[in-house]
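Participant: With chain A fixed as given, assemble chain B onto it according to the hints.
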Amino acid sequence: MAAMKTVRAIGHRVVDAVWRMGSATRFFALVLLYSASSFRRFRLVIKELFSSGVMSLIIILVAGLFVGMVLGLQGYETLKRYGSESALGSLVALSLVRELGPVLAALLFASRAGSAMTAEIGLMKATEQISAMEMMAVNPIARIVAPRFWAGVISMPLLAAMFSAVGVFGGYLVGVVQIGVDEGSFWAQMQAAVDFREDILNGVLKSFVFGTVVTVIALFEGYDAQPTAEGVSGATTRTVVNSSLAILMLDFVLTAIMFRGN
Amino acid sequence: MERTTLDLWVGMFVVGGIAALVMLAMKVGNLGTYNVSESYQVYGYFQNIGGLKAKASIKSAGVLVGRVTEISLDTNRYQAKVVMSLDKRYQFPKDTFANILTSGLLGEQYIGLMPGGDEEMLKPGSQIKQTQSAVVLEEMIGKFLYNKAAEPDKAN
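Chains A and B are the protein sequences, given in the same order.
Take 290 as the starting number for the first sequence in our numbering and just add one per residue.
Take 10 as the starting number for the second sequence in our numbering and just add one per residue.
It cannot be assumed that every hint is accurate.
[Stated by the list, open to error] Chain B regions said to be covered by chain A (calculated; three or more residues, Cβ under 8 Å):
(1) 19 to 26
(2) 30 to 36
[Stated by the list, open to error] If you want the ones that stay clear, here's a sample from chain A, every Cβ over 12 Å from chain B, calculated:
(3) VAL303
(4) THR314
(5) VAL359
(6) GLN363
(7) TYR365
(8) PRO429
(9) VAL530
(10) THR544
Bear in mind the hints are in silico, worked out from the structure with no lab data behind them.
Virtual Cβ for every residue (Gly too), placed ideally from N, Cα, C.
Next up, chain B with everything else stripped away, as it sits in the complex:
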C-alpha cells in the first residue's frame, strides 16, 4: 500500500488524540497518583457519618492512605457500617482510632486515622473498634443552646 502525506496527517491526528487522553488521565485525573492495585479492607461502625460519601479519602497525619469503598446501615445495631480500603504499604495498630473529620469549615468530610499503641496490626477484614462520629452542626448548635438555657442567668 502506498504511503501518502494524508496518512501522515491522520496518524498524527490519532496520536495527538490518544496523547491528549493519556495526558488527561495522568496529569488531570487521578490515575497517575492513586494506585488501586494493592489494598486491604477494614470496616468500622459509626454512630453518625454526617456527610461522608463513598470514595471519600482516608488520611492519617494528613497523608492519603485509602478510600471509603462502601457505606451501609447495619440494621442489627442501627449504625452506619463504613468499609474502608487502605493502601497495603500502610499498616495500622489494632487500636487505631477512626474519626470523621471535615476539611476546612465547610469542606468535604473524610476519615482520619489516629494510630494507637497496640503491637498487633489491623488484619484485612477486621474491625476498627474505636470510632468517632461526624460533628453535625445542628446538633452542636442544639447542645450549645440547651447548655445556655440550663445555665443560671448571670445578670442576676
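The shape of chain A in the complex, shown without the other chains:
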C-alpha cells in the first residue's frame, strides 16, 4: 500500500503544480488587463521602481564588478595556455553580455526584490489590507500589483545592462591594469567579437523576459500566500526557488533560440 500512497502523492503534487501554473497565468493576464491605471498614475510605478530597482543597485553593481574580475582572472589563466591573452576582452564581454549579465542580475533581483515583493503582498493579505481595499471598491491588482509588475519589468533590463557594464570594467581592471594584457587589443578584440544586435540586444531581450517572469512569480506567490506568518514565509521561499529555476530553464530555451549554431 505504501507504493500506492507514493504514486498518489506524486500525482497530487503534479496536479497541484499544473493548477498553480494555470492560476499564475490567469493572474498574469489580470495584471496586464488592469495595468492601464498604473500608467495613468505613473507615480505608483516610480515609487516601486525605487524600492525594487534603486535598492537593488548596490548588490548588482558589487556582484557585477566581482564577476567581471573573476572572469578576467580565470579567462587569462585559460587563454594563456593557448597564447591568446589578447582575446580576453572578447571572452569577458561576450560571457557577460550574453549570459552572465542577464542571468545573474535576474537571480540577484529575484532574491533581493522578488522576495521583498512576495513578503510585502503576503503580509498585506495576512493583515487584511487587500480585503479592505476590495471593500472600498479599489481593485488591489490595479493598485498594488500592476505598478510593482511594471517596475520590475522596467528595472530588470537596466540592472542587467549595468551588471554587464560594471563587469566589463572589472575584467578590464584585472586583465589590463593588474595583469597587463595590452589595452588596445583588449578593447579591439572585444569590439570585433561583440555584435550590437546579435549579442547586446539579445541580452536585453533576455533580461526583459526574466524580469517579467520573476515579477509575475513573486507577485503571484504573494497574492496567493496563505494569510499566516508561516504561509508568507513559505511563499517567500517559493518565490526565490521557483523564479531561480524559471530563470535558468528559460535561459537555456532563449539561448537555444537566439544563438543556435552561429
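Facilitator: Just chain B, lined up with the frame of chain A:
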C-alpha cells in the same frame, strides 16, 4: 506634481541604466566602429569556401572594408556564391582578386581583396571574377601524401 528625492534616485537609476546600455553598445559592441549606412554589394563564386560564415570580415591590406552578407550554393555551377557588402568609401578595380584567408593558424576565415590594375572600378552588383578557394587542411595533407607516394624512394 511634487518633486521628491525619490524621483531623483529613480531618475538617476534610469539614466545609469541607459548609460550602461549606450556604453555597452559603443565601447563593447561594434556600433561605434562599424558603419552600416553606406555600402555596396558585389558577389563572387568560390570553388570551396571552407569555414567562411556570413558576417565574416572582408579585408584589404589588413583593413576592414566590409562584411560577407550572404552565402549560398549556386546549383547551376555547383559553386558557392558569396555576396559581400563593401564600404562605399573604398572602391576596387574590376580585376580585384578575392582570396579566402585564415587569420592565424586556426583562426576565423575572412576574405582578402587584392586590387588589380584595371582602370574601371567594381560597380554595385557586379561580380568579382578572380577568386581563390579556402585552403582546406585535409586536402592539403591529402595532396602532400599523394606527392610523397608518387616520389621515387630516395633511399634506393
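Participant: Taking the numbered hints from earlier one at a time, note which ones the structure violates and give those numbers from smallest to largest.
Facilitator: Result: no hint breaks.
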